[in-house]
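Participant: For reference, the chains in residue letters:
Number of protein chains: 2
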Amino acid sequence: MELTFLGTGSGVPSKQRNVSSLALQMHQERDEIWLFDCGEATQHQILQTTIKPRKITKIFITHIHGDHIFGLPGLLSSRSFQDGNTTLEIYGPKGVQEFVESALTLSETRLRYPIHYQELHEGVIFEDEHIRVKSMQLVHGVPSYGFVIEEANQIGPLLPDRLKSLGIKPGPIYEQIKANEVVTLNDGTTINRDDVTGPMIPGRKIAILGDTLPYDRTIDFIRNSNVLVHEATFIDEDADLASDYNHSTNTQAVKIADEAQVKHVLLNHISSRYLRQDLENELDTLKQIHPSVNYVYDFDTFQIQKEG
Amino acid sequence: MELTFLGTGSGVPSKQRNVSSLALQMHQERDEIWLFDCGEATQHQILQTTIKPRKITKIFITHIHGDHIFGLPGLLSSRSFQDGNTTLEIYGPKGVQEFVESALTLSETRLRYPIHYQELHEGVIFEDEHIRVKSMQLVHGVPSYGFVIEEANQIGPLLPDRLKSLGIKPGPIYEQIKANEVVTLNDGTTINRDDVTGPMIPGRKIAILGDTLPYDRTIDFIRNSNVLVHEATFIDEDADLASDYNHSTNTQAVKIADEAQVKHVLLNHISSRYLRQDLENELDTLKQIHPSVNYVYDFDTFQIQKEG
Ligand SMILES: [Zn+2]
Ligand SMILES: [Zn+2]
Numbered sequence: 001m002e003l004t005f006l007g008t009g010s011g012v013p014s015k016q017r018n019v020s021s022l023a024l025q026m027h028q029e030r031d032e033i034w035l036f037d038c039g040e041a042t043q044h045q046i047l048q049t050t051i052k053p054r055k056i057t058k059i060f061i062t063h064i065h066g067d068h069i070f071g072l073p074g075l076l077s078s079r080s081f082q083d084g085n086t087t088l089e090i091y092g093p094k095g096v097q098e099f100v101e102s103a104l105t106l107s108e109t110r111l112r113y114p115i116h117y118q119e120l121h122e123g124v125i126f127e128d129e130h131i132r133v134k135s136m137q138l139v140h141g142v143p144s145y146g147f148v149i150e151e152a153n154q155i156g157p158l159l160p161d162r163l164k165s166l167g168i169k170p171g172p173i174y175e176q177i178k179a180n181e182v183v184t185l186n187d188g189t190t191i192n193r194d195d196v197t198g199p200m201i202p203g204r205k206i207a208i209l210g211d212t213l214p215y216d217r218t219i220d221f222i223r224n225s226n227v228l229v230h231e232a233t234f235i236d237e238d239a240d241l242a243s244d245y246n247h248s249t250n251t252q253a254v255k256i257a258d259e260a261q262v263k264h265v266l267l268n269h270i271s272s273r274y275l276r277q278d279l280e281n282e283l284d285t286l287k288q289i290h291p292s293v294n295y296v297y298d299f300d301t302f303q304i305q306k307e308g
Numbered sequence: 001m002e003l004t005f006l007g008t009g010s011g012v013p014s015k016q017r018n019v020s021s022l023a024l025q026m027h028q029e030r031d032e033i034w035l036f037d038c039g040e041a042t043q044h045q046i047l048q049t050t051i052k053p054r055k056i057t058k059i060f061i062t063h064i065h066g067d068h069i070f071g072l073p074g075l076l077s078s079r080s081f082q083d084g085n086t087t088l089e090i091y092g093p094k095g096v097q098e099f100v101e102s103a104l105t106l107s108e109t110r111l112r113y114p115i116h117y118q119e120l121h122e123g124v125i126f127e128d129e130h131i132r133v134k135s136m137q138l139v140h141g142v143p144s145y146g147f148v149i150e151e152a153n154q155i156g157p158l159l160p161d162r163l164k165s166l167g168i169k170p171g172p173i174y175e176q177i178k179a180n181e182v183v184t185l186n187d188g189t190t191i192n193r194d195d196v197t198g199p200m201i202p203g204r205k206i207a208i209l210g211d212t213l214p215y216d217r218t219i220d221f222i223r224n225s226n227v228l229v230h231e232a233t234f235i236d237e238d239a240d241l242a243s244d245y246n247h248s249t250n251t252q253a254v255k256i257a258d259e260a261q262v263k264h265v266l267l268n269h270i271s272s273r274y275l276r277q278d279l280e281n282e283l284d285t286l287k288q289i290h291p292s293v294n295y296v297y298d299f300d301t302f303q304i305q306k307e308g
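Taken in sequence, the protein lines are chains A and B.
Per the UniProt record's numbering, the first sequence starts with residue 1, numbered consecutively.
Per the UniProt record's numbering, the second sequence starts with residue 1, numbered consecutively.
Simulated from the structure, these hints should not be mistaken for lab results.
Check each hint, because a few of them may be wrong.
[What the hints assert, rightly or not] Listed next, the in silico DSS-like pairs over lysine-lysine satisfying Cα-Cα at most 30 Å (straight line):
no.: 1; chain 1: A; residue 1: Lys15; chain 2: B; residue 2: Lys306
no.: 2; chain 1: A; residue 1: Lys306; chain 2: A; residue 2: Lys134
no.: 3; chain 1: B; residue 1: Lys306; chain 2: B; residue 2: Lys287
no.: 4; chain 1: A; residue 1: Lys178; chain 2: A; residue 2: Lys306
no.: 5; chain 1: B; residue 1: Lys164; chain 2: B; residue 2: Lys306
no.: 6; chain 1: A; residue 1: Lys58; chain 2: B; residue 2: Lys134
no.: 7; chain 1: A; residue 1: Lys287; chain 2: A; residue 2: Lys306
no.: 8; chain 1: A; residue 1: Lys134; chain 2: A; residue 2: Lys287
no.: 9; chain 1: B; residue 1: Lys58; chain 2: A; residue 2: Lys15
no.: 10; chain 1: B; residue 1: Lys15; chain 2: A; residue 2: Lys52
no.: 11; chain 1: B; residue 1: Lys52; chain 2: B; residue 2: Lys134
no.: 12; chain 1: B; residue 1: Lys15; chain 2: A; residue 2: Lys15
no.: 13; chain 1: A; residue 1: Lys94; chain 2: B; residue 2: Lys94
no.: 14; chain 1: A; residue 1: Lys306; chain 2: A; residue 2: Lys15
no.: 15; chain 1: B; residue 1: Lys55; chain 2: B; residue 2: Lys306
no.: 16; chain 1: B; residue 1: Lys52; chain 2: A; residue 2: Lys55
no.: 17; chain 1: B; residue 1: Lys169; chain 2: B; residue 2: Lys306
no.: 18; chain 1: B; residue 1: Lys287; chain 2: B; residue 2: Lys55
no.: 19; chain 1: B; residue 1: Lys55; chain 2: A; residue 2: Lys15
Here the structure is a predicted model, which is why all the values come from computation and not from measurement.
With the rest of the complex left out, here is chain A:
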């Protein structure tokens, strides 16, 4: 699993940062890419990466502000033009479906694939045997959502020594043992998987929040995430602006990350008023609150490691 930041700016595009979009690439896990927000020119940013629009199977929209949705009609058209023909799921608050359908209808754009829309609510919005996505409403003037993506725990590795001591030689039987809680061998002996595997590998948890004021209720929601993507539109010095515009400061974001004991914090949705150096100057102070905090820039990628 890998996060690729396609747009890390706020409100309007600048030469340095495009408006919001973030790709979660899961090539090994499920050969799919999920997109979070789709500001204008997200498809143009994608042209600079190895991402193929037809691999995008789900798009999650945090809220309906233009800097998070104006890239949808173009990306959807290009996905069709570039041989995308599998169903696309769009999860978003009320208004996203109407926006997309109105743009596609008025422009007489016909797609080669169906779109399924799911209007956001709090709770589980997607779940299969490998992964679960939950959403929660934040505080941003308009309905804005955060998401956590939780991988199922995985069976620990087979322990060769244990298997050997039970007289089991490497072969197809290994896969059978891994796939079943109990396996009965030809000679009648039963093997309990727990006896021959190491400890469960905990699934990863990724938290991606939309624009928001700092909000206590997120702490439980994002608790123990491997990585948290939190907006930090303003620096602490401009806390008044943050509050006026329903945004967070860097310090506010990092405090929440600390209380929720997340492993890594990535700050995005950065106002174009700050130069790179201004942000770097903030890091010392921020790291005193949470040791693993970083600002992200367009095209940064972040590998999400498994623990244990």
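Since the structure of chain A is provided, determine the placement of chain B with the ligands on it from the hints.
Facilitator: Chain B with the ligands alone, transformed into the frame defined by chain A:
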């Protein structure tokens, strides 16, 4: 007057060419910029130029396909964010107003300036003492329009020798003579402007056409233009594709330019299937039809010179 090509591609953006947009900059003439079409990421292209969105006073939309309009909501928002507060006129076919209003309403975008919409019809769509814009419907499956921008003719330069022979010395009287057909001096003599000025300077004529099949009726419309911007989505070898998709080939475009006796032909809306070299290879043949023909590329600029 200067044309700046912001997007010269066709259908979907590529690394080389963005989707359609073209700016007519008239800094000396009226301190305004007019935009023709506004594909996605037009505002991003503008960031790479000296164009200020607040100087854009009119946007002309040729037709409602996505590659010509999906950049409107973002550009309009950014114009507001970047201190644009003067009325913006949008001229476009049916559907443009609904597209823009739907996008701005659903995204809760509030602009600091009013937009006036004018639905396109054939004939004069704008006129003041300096300039006139006419539009004409083309052939592209959906209603697609072409525009000619015609500058009024200008009074020729004052002829100092003639003025001297009439005993008129340089001074504020010069401006008066230039501004009026007849001026009566203090001593009762009358000066006819025609007697003391050189020949009329013909106004420039610029023709900018939307996507279209080659169309005979355009010839009269664009006749004698200083510059013609014509789509050439395909090369002549792919004439079947051009006809299937309601587009023109390079040869078709240049033949029309030749018949209409336009001075310069600029070919845009180029399919991403062609490499730069493919296009350069076409030029020898095209120049046999019209000596001043060129392919344009993103960020190319073209000065429109006055004649005489
Ligand atoms: Zn935002
Ligand atoms: Zn087009």
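Participant: The structure should be examined with respect to each hint, and the outcome stated for every one.
Facilitator: Hints and how they fare:
1. With a C-alpha separation of about 35 Å, the suggested pairing of Lys15 of chain A with Lys306 of chain B is violated against the 30 Å cut-off.
2. Taken as a hint, the Lys306 of chain A and Lys134 of chain A pair is honoured in the structure, with Cα atoms around 20 Å apart against an allowance of 30 Å.
3. A distance of roughly 23 Å separates the Cα atoms of Lys306 of chain B and Lys287 of chain B; the hinted pair therefore holds under the 30 Å criterion.
4. Using a Cα cut-off of 30 Å, the hinted pair Lys178 of chain A and Lys306 of chain A holds, with the two alpha carbons roughly 19 Å apart.
5. For the hint linking Lys164 of chain B to Lys306 of chain B, the alpha-carbon distance of about 27 Å falls within 30 Å, and the restraint holds.
6. At roughly 45 Å between alpha-carbon atoms, Lys58 of chain A and Lys134 of chain B are farther apart than 30 Å, so this suggested pair is violated.
7. Distance hint between Lys287 of chain A and Lys306 of chain A is fulfilled; the C-alpha atoms sit about 23 Å from each other, no more than 30 Å.
8. Our distance criterion of 30 Å between C-alpha atoms is met by Lys134 of chain A and Lys287 of chain A, whose separation comes to about 28 Å.
9. Annotation: proposed proximity of Lys58 of chain B to Lys15 of chain A holds, straight-line Cα distance about 25 Å (limit 30 Å).
10. Restraint check for Lys15 of chain B and Lys52 of chain A: satisfied, since their Cα atoms lie roughly 14 Å apart, inside the 30 Å limit.
11. With a C-alpha separation of about 26 Å, the suggested pair Lys52 of chain B and Lys134 of chain B falls inside the 30 Å cut-off, and the hint holds.
12. With a CA separation close to 16 Å, the supplied pair Lys15 of chain B and Lys15 of chain A stays within the 30 Å bound.
13. Restraint check: the Cα-Cα separation between Lys94 of chain A and Lys94 of chain B comes to about 26 Å, which is no more than 30 Å; the hinted pair holds.
14. The suggested pairing of Lys306 of chain A with Lys15 of chain A is violated, with an alpha-carbon distance near 35 Å, which exceeds 30 Å.
15. Note on Lys55 of chain B and Lys306 of chain B: the hinted pairing holds, with a Cα-Cα distance of about 23 Å set against a maximum of 30 Å.
16. About 37 Å separates the Cα atoms of Lys52 of chain B and Lys55 of chain A, which puts this hinted pair outside 30 Å; it is violated.
17. Our distance criterion of 30 Å between C-alpha atoms is met by Lys169 of chain B and Lys306 of chain B, whose separation comes to about 29 Å.
18. Of the pairs offered as hints, the one joining Lys287 of chain B and Lys55 of chain B is violated, with about 36 Å between alpha carbons and a cut-off of 30 Å exceeded.
19. Between Lys55 of chain B and Lys15 of chain A the CA atoms are separated by roughly 19 Å; this keeps the pair inside 30 Å, and the hint holds.
This entry does not satisfy hints 1, 6, 14, 16, 18, going by the numbered hints stated previously.
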